[in-house]
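Throw the hints in and build the complete structure from the sequences for me.
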Amino acid sequence: MIVTTLIVVFAAIGVFFTFVAAVGMLRLPDVYSRSHAATKADTLGAGFSVLAVALYFGTVGETLRALILLVFIYYTNPTAAHAITRAAYSRGIDVWTTDDSEGSR
Amino acid sequence: MSDLAGTVLLAAAAVVVVLAALVLYRVVAGPTTHDRVMAVNVIGTSIVMVLALISAGLDRPEYLDIAIVYALLNFVLSLVVGRFTYDAEGVDW
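The listed protein sequences correspond, in order, to chains A and B. To convert, note that position 84 of the first sequence is 84 in my numbering; the numbers rise steadily by one, no gaps. To convert, note that position 24 of the second sequence is 1024 in my numbering; the numbers rise steadily by one, no gaps.
Certain hints may be false.
Quick list of simulated restraints, FRET-style, between CB atoms [stated by the list, open to error]:
{"hint": "1", "chain 1": "A", "residue 1": "L64", "chain 2": "B", "residue 2": "F1084", "range": "12 to 22 Å"}
{"hint": "2", "chain 1": "A", "residue 1": "G61", "chain 2": "B", "residue 2": "G1030", "range": "37 to 47 Å"}
{"hint": "3", "chain 1": "A", "residue 1": "H82", "chain 2": "B", "residue 2": "I1066", "range": "24 to 34 Å"}
{"hint": "4", "chain 1": "B", "residue 1": "Y1025", "chain 2": "A", "residue 2": "G58", "range": "14 to 24 Å"}
{"hint": "5", "chain 1": "A", "residue 1": "T98", "chain 2": "B", "residue 2": "V1076", "range": "32 to 42 Å"}
{"hint": "6", "chain 1": "A", "residue 1": "M1", "chain 2": "B", "residue 2": "G1030", "range": "40 to 50 Å"}
Heads up, simulated SDA-like pairs for lysine to any residue below, C-alpha to C-alpha not over 20 Å straight-line [unchecked claim]:
{"hint": "7", "chain 1": "A", "residue 1": "K40", "chain 2": "A", "residue 2": "P78"}
{"hint": "8", "chain 1": "A", "residue 1": "K40", "chain 2": "A", "residue 2": "D30"}
{"hint": "9", "chain 1": "A", "residue 1": "K40", "chain 2": "A", "residue 2": "R86"}
{"hint": "10", "chain 1": "A", "residue 1": "K40", "chain 2": "A", "residue 2": "E62"}
{"hint": "11", "chain 1": "A", "residue 1": "K40", "chain 2": "A", "residue 2": "M1"}
{"hint": "12", "chain 1": "A", "residue 1": "K40", "chain 2": "A", "residue 2": "G61"}
{"hint": "13", "chain 1": "A", "residue 1": "K40", "chain 2": "A", "residue 2": "F16"}
{"hint": "14", "chain 1": "A", "residue 1": "K40", "chain 2": "B", "residue 2": "L1072"}
{"hint": "15", "chain 1": "A", "residue 1": "K40", "chain 2": "A", "residue 2": "L28"}
{"hint": "16", "chain 1": "A", "residue 1": "K40", "chain 2": "B", "residue 2": "I1047"}
{"hint": "17", "chain 1": "A", "residue 1": "K40", "chain 2": "B", "residue 2": "R1036"}
{"hint": "18", "chain 1": "A", "residue 1": "K40", "chain 2": "A", "residue 2": "G58"}
{"hint": "19", "chain 1": "A", "residue 1": "K40", "chain 2": "B", "residue 2": "L1004"}
{"hint": "20", "chain 1": "A", "residue 1": "K40", "chain 2": "A", "residue 2": "H82"}
{"hint": "21", "chain 1": "A", "residue 1": "K40", "chain 2": "A", "residue 2": "I68"}
{"hint": "22", "chain 1": "A", "residue 1": "K40", "chain 2": "B", "residue 2": "V1040"}
{"hint": "23", "chain 1": "A", "residue 1": "K40", "chain 2": "B", "residue 2": "L1079"}
{"hint": "24", "chain 1": "A", "residue 1": "K40", "chain 2": "A", "residue 2": "P29"}
{"hint": "25", "chain 1": "A", "residue 1": "K40", "chain 2": "B", "residue 2": "L1024"}
{"hint": "26", "chain 1": "A", "residue 1": "K40", "chain 2": "A", "residue 2": "T79"}
{"hint": "27", "chain 1": "A", "residue 1": "K40", "chain 2": "A", "residue 2": "F19"}
In case anyone wonders, no lab produced these hints; they're calculated from the structure. C-beta: ideal position from N, C-alpha, C; glycine also.
Put into structure tokens, the structure is as follows:
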């Protein structure tokens, strides 16, 4: 019963943070600020969902694979977003700012 | 494990699919290539989530392996695009 409650809570938290990531991808103004939604919110949402899956199976093999997936997502997602954002910055894509006098970099 | 948890995980997978379809707007709307690639990266992470959730909901543990491979491919896609669209004169390493 406790495990079921934990699974439901973790899945709900994961879906919530995925929702936050989707809203961030749609609403934020430029590629640099969107990378915040892509790295932090999405990684946390995926982490909670995979944790719920690991709790659901409960056997050693599946839990181990779920944890490998978890660690892998935690490493690769921010690295990928960093690579894309650095490429965007090297291409001179404008950084969003509230200051009108200097628009780019 | 109880039936309730599996149903909840399948419902969560359905919601994540809908959210990934919403992120598809950013792939279409742009405005730059890097926006599109980052949105594809977010959709890929959502697909990994969906694979993990339905592996639990449908009691098919082998889907977890597919999720791991998909996460690897998603990472390689982002790194390759990041390297190929990198302008070495724009910024220092």
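| Hint numbers contradicted by this structure | Hint check: 1, 4, 10, 11, 12, 18, 19 fail, others pass.
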